[in-house]
Amino acid sequence: MTEQIAFWILSAIAVLGALVAVRKRNLIHGVFALMIFFAALSGLFLLLLAEFIAAAQVLVYIGAVGILLLFAIMLVLVAIGVPLVYSIGGAAVVGAMSMNFTFLPSRMFTGVESFVLASIPFFYWRRRFSPAAA
Amino acid sequence: MSLELIRDILVATVPLLLIFPTLFAFTTWLERKALARIQNRIGPNKVGVPLTRYGGRFSLFGLGQPMADGIKMLFKENIVPRDADRLFHLLAPILALIPAMLVLCFLPIDFPWINNIQDSVKAFMLDGAVIFFFAITGLNTLAVFMAGWASRNKYSLLGGMRAIAQMVSYEIPLVLSAVIVVMMVGSLNAAEIANAQAGWNWFVFTPWGLAAFIIFFIAALAETNRSPFDLPEAESEIIAGYFTEYSGFKFALFFLGEYIAMFAISGLAVTLFLGGGAGPGVAALPWLSVIWFLVKIFALIAVMIWLRGTLPRLRVDQLMGFAWKFLLPLSILNIFIAGSALHLLAGDRLADLDEKQPILRQLMEGANPLVVAGLWIGALLILYVAANGLNQLSRAKVRPREYKYAE
Amino acid sequence: MSLLGGGIFKGMAVTLRNFVGSYFYKDRLTTNDYSWRPTDKLPQHAGEYPKEEGEQLRDATTVTNYSRNFPMLLHDGSEPMDTIRCVACQICERECPPQCIYIEKSTEKKENAGGKPQFYPAKFDIDVSVCMSCQICVEVCPFDAIVMNSQFELSTPDRFGGLLLRRDDLLKSNDYYHNIHPEEAAARDKRIAEEKAAKEAKKKAAAEAARKKAEEKAKADAEASEGTPDIQEDAE
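Residue numbers (my numbering), protein chains in the order written: chain A, 1 to 134; chain B, 1001 to 1407; chain C, 2001 to 2236.
With the rest of the complex left out, here is chain A (with noise of 0.2 angstroms):
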């Protein structure tokens, strides 16, 4: 029984917390109302008897990934409660910054790998330097 209620409650606080922090303009509300979530998603793992992943949750999201949300929301953004396209550069630098860094190389290079993009300094070069243009 007081399992039940405490799952009610536990939910209650996981979606409460994901939807204020999709929700609010202030983006560092929204990674609080996060770090709520994490924690309701922890008490749930300790509902399943799963403790370790509960420690682990609490640990590594809130204390890791959290702070580094923070940090970073800190280092890209000067302003506070910037509007939503800047925060979507913000979330783009986290997001390149939690990818897998053994394949940036490799894609950076396919990425400008294109005779297109190659060619665009001979359009340049050929205005700046033919008879007509001068």
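Among the hints, erroneous ones may be present.
Pairs of lysine-lysine residues, derived as BS3-like cross-links and limited to a Cα-Cα distance of at most 25 angstroms, are as follows [unchecked claim]: (1) Lys2123(C) to Lys2109(C); (2) Lys2116(C) to Lys2204(C); (3) Lys2109(C) to Lys2199(C); (4) Lys2217(C) to Lys2204(C); (5) Lys2202(C) to Lys2213(C); (6) Lys2026(C) to Lys2010(C); (7) Lys24(A) to Lys1154(B); (8) Lys1033(B) to Lys2026(C); (9) Lys2010(C) to Lys1033(B); (10) Lys2026(C) to Lys1046(B).
Quick caveat, the hints were computed from the structure, so don't treat them as lab data.
Position chains B and C relative to chain A; hints supplied.
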């Protein structure tokens, strides 16, 4: 939600909420007196019984000072900066206090009243108690960031960032030193770890345990922002760092949180390394283990206060360099040494080790004393040489000082 | 190679020695533990400074004779305004770094202890909430009129008027000065006496020199006037 469960929960938690804040008040008094005596002055000795006219007559060595400080903090004006985030400004000290208080439940102190309640309420009986401890002390970083951010003050924010960087970097050696103990016991259960050191088999008497204890203690000093790592809260550094904008009772809550965190981490150090309640006379009088536990916590707190009176503050780059270039490699090396020592001790008995019993004790029972002595000395030598080497490597590359004008 | 972390242990040994020693060697404690005073003897209202010097002495003798707090004006006799040393030259007002001294010179001169007619300060206010006890006013005063007091019980509920010490509050006798700072007062008096003696000696020496010069001039004149009749006699 039966009545018995509620009663058990209250019995498990309320005494801790009563005992440790009282110890906190006593510790603030002790710290001020001890620091004063170290600095050749008397500490507070005027406040005996506050709110009476006879304060001076019965001065009681200034024992009323914490009470007077608490009353003063309550009466101070609660200033919140105009543009600050009011909700988070309020939440941050609460969030700084909650992990410290929560983590006190995980300490395996055998209070007499705890024996009669059901096992599911005893938090230290959790199979993952030690890792829960570290997980919850990690919530302190969140509170610090909240405090620094919500003050809407660049300097608070910078102070908060520096504090978080310090806390996060010192969490790693902290956890890695605890891993040594977990290796020696084979379980994350705090009660089992404490019981594995019954008698005089404290883990601090093994060479890797000693190194781990020293690393743990240094990292604990840094986690709770104590000298010499008190850069985030020193008065000459960015005013007061992340709690610049806090006045009155919120500041008192931060203060309380810091001291209770000190108690909690000392309690963990006692549990992991110093035997946790083991001491002479425990077999005869079981409640003596509580006294021994508290005495050991106080011994560690006394050493913390002593270090505060002795050492100058570390600069932030020295602090970070110390964590990443010295403590971290040393703790990893320590894990290797402990593992190889255990392996060498086990030899061919590896298969028939009982996993439910403390590992080290089983290994030591049937071991050759010469092998044990050799391992001890070898481990000590390797650790000492490695520490020296790391020290030389991580020193700042400066030329020897040239004095141009002095002779 | 010295023990790793040996410096820390040495430091801890030093502090432990300090800690234990502070219980046994009480003279190394720098705190001056003044005896607790009953509340009815402290000034209760603004401006209610202890008027007689006996009360101030009780305050001042509980500190050592090296302690300083805020300035005071000196007078040399029993009637303060007749023997005040300050001549309102306003040098201390100009030199005071936080500019906490406010002086208004009197419009006519009055005889002071030295017999000479001097100006005196009609108003001499020091704002002790601003004064930083730097003693520059003491250093620059050419008349040794302002020195440092050690009275510290200056708390008052009025944070504006109560902390402005006026001339009459600041005037203290030279005997009081000797009482609270015996060595400094004795040294100051000695210096004043020596300067006075040196001035006297110089004046006397100048008078001597002038007299001698006058004598010689008279002798020279006499010789000069004596010389001429001889010539006249020869001419006759």
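Hey, Lys24(A) versus Lys1154(B), does the alpha-carbon distance stay inside 25 angstroms?
Given that 25 angstroms is the threshold and the Cα spacing comes to 23 angstroms, the pair holds.
Is the hinted pair Lys2109(C) and Lys2199(C) satisfied, with a Cα-Cα distance of at most 25 angstroms?
Roughly 24 angstroms between the alpha carbons, so the hint for Lys2109(C) and Lys2199(C) holds.
For the pair supplied as a hint, Lys2123(C) and Lys2109(C), is the alpha-carbon distance within the 25 angstroms limit?
Status holds; Cα separation ~15 angstroms.
Does the alpha-carbon distance linking Lys2026(C) and Lys1046(B) stay inside the 25 angstroms limit?
holds (18 angstroms)
Compare the distance between the alpha carbons of Lys1033(B) and Lys2026(C) with 25 angstroms, and conclude whether the hinted pair is satisfied.
holds (15 angstroms)
Would the pair Lys2010(C) and Lys1033(B) pass a check requiring their Cα atoms to be no farther apart than 25 angstroms?
Satisfied, since the Cα-Cα distance of roughly 22 angstroms is no more than 25 angstroms.
Straight-line Cα separation of Lys2217(C) and Lys2204(C) no greater than 25 angstroms?
Distance of about 19 angstroms is within 25 angstroms: holds.
Hinted pair Lys2116(C) and Lys2204(C), Cα distance within 25 angstroms:
It holds: about 19 angstroms lies between the C-alpha atoms, which stays within 25 angstroms.
Given hint Lys2010(C) paired with Lys2026(C) - CA-CA distance at most 25 angstroms:
holds (24 angstroms)
Would you mind confirming whether the straight-line C-alpha gap from Lys2202(C) to Lys2213(C) stays at or under 25 angstroms?
Since the Cα atoms of Lys2202(C) and Lys2213(C) sit roughly 16 angstroms apart, the hinted pair holds (cutoff 25 angstroms).
Checked against the numbered hints listed earlier, the structure breaks none of them; every hint is satisfied.
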